[in-house]
Amino acid sequence: MAPTNRTREASGKVRSLDSGAGGRARENDHRRVSSGERLNVYAEPGKLRTALARRGVRLTRQRRILLDIMDQAEEHLTADSILERAQKIDPRVHRVTVYRTLEMLKSHGLLDELDLLHIHGHRHYYESHGPRDHIHVACLRCGKVREVESELFEQLKRQVERDTGIGITVARVEIGGYCENCRPKAVAPRNTS
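Residues in the sequence shown are numbered consecutively from 1, following the working numbering.
Treat the hints as calculated values from the structure; they're not laboratory data.
C-beta: ideal position from N, C-alpha, C; glycine also.
Just so you know, not all the hints are guaranteed correct.
[As the list claims (entries may be wrong)] Computed list of lysine to aspartate or glutamate pairs in EDC-like fashion (alpha-carbon distance at most 20 Å, straight line): (1) 106 to 90; (2) 144 to 68; (3) 47 to 75; (4) 144 to 180; (5) 157 to 180; (6) 88 to 71.
[Unchecked claim] Label-pair distances were calculated between CB atoms; the ranges are: (7) 173 to 91: 37 to 43 Å; (8) 159 to 96: 38 to 44 Å; (9) 184 to 46: 41 to 47 Å; (10) 173 to 89: 32 to 38 Å; (11) 64 to 178: 38 to 44 Å; (12) 54 to 144: 19 to 25 Å; (13) 170 to 46: 20 to 26 Å; (14) 53 to 159: 20 to 26 Å.
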């Protein structure tokens, strides 16, 4: 495996560049790997509010609270975690408002609903769309979810479009495995003498 150079972006997220011959990074590879946070958080603050306002959707105070929570979330949120955060701001926010807002965002194509390999039972997670599709990689033991953006994934989508004639509007890939901390350690052979 080629060495990897890691650089911190202005947002604090880690960007990894695959090193080619001589260990020099190829900038055109455009690969980003999160350390557990969402990659596209803060990409466009207020993106959900702006998109809905352009579409003429009425933005109540409670709906604006929910949109801000989802726009700023550094991790994948469940409906319950969205409700909990919203009620800290306005205790009058109801569960039905959360679910209606999530459905409305999905119907406008602004939000993805993920099951993340059901690592936490049948919970569903929500994230606003970023500028690029990405891969979710989940540890099956501790549940940590990382995101990966890669030009290889973009190339695969273009190849699928060429081969099938289908214009891809969304692509989801979820990969499960064990993170470095959870990988079973090699068991030393037992001494039988």
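Going through the hints against the structure:
Among the hinted pairs, residue 106 with residue 90 is inconsistent with the structure: their alpha-carbon atoms are about 23 Å apart, more than 20 Å. Distance restraint check for residue 144 and residue 68: the Cα-Cα separation of roughly 23 Å exceeds the 20 Å cut-off, and the hinted pair is therefore not satisfied. For the given pair, residue 47 sits about 17 Å from residue 75 by alpha-carbon distance, which is consistent with the 20 Å threshold. Between residue 144 and residue 180, the direct Cα distance comes to roughly 11 Å. Compliance with the 20 Å bound is thereby established for this hinted pair.
Using a Cα cut-off of 20 Å, the hinted pair residue 157 and residue 180 is violated, with the two alpha carbons roughly 29 Å apart. In summary, the hint linking residue 88 to residue 71 is supported, as the alpha carbons are separated by about 17 Å, within the 20 Å threshold. Distance hint check for residue 173 and residue 91: the Cβ-Cβ separation is about 39 Å, which falls inside the suggested range of 37 to 43 Å. Distance hint for residue 159 and residue 96: a CB-CB separation of about 43 Å, consistent with the stated range 38 to 44 Å.
At roughly 44 Å, the beta carbons of residue 184 and residue 46 sit within the given window of 41 to 47 Å. Evaluation of the 32 to 38 Å hint for residue 173 and residue 89 yields a pass: the beta carbon distance comes to about 34 Å. Hint check: residue 64 to residue 178, Cβ distance near 40 Å, so the stated range 38 to 44 Å holds. Against the hinted window of 19 to 25 Å, the Cβ-Cβ separation of residue 54 and residue 144 comes to about 35 Å, which falls outside the hint.
Checked against the hint of 20 to 26 Å, the C-beta distance between residue 170 and residue 46 comes to roughly 22 Å, which is consistent with it. Taking the beta carbon of each, residue 53 and residue 159 are about 37 Å apart, not inside 20 to 26 Å as hinted.
The structure fails hints 1, 2, 5, 12 and 14 (numbered hints given earlier, in ascending order).
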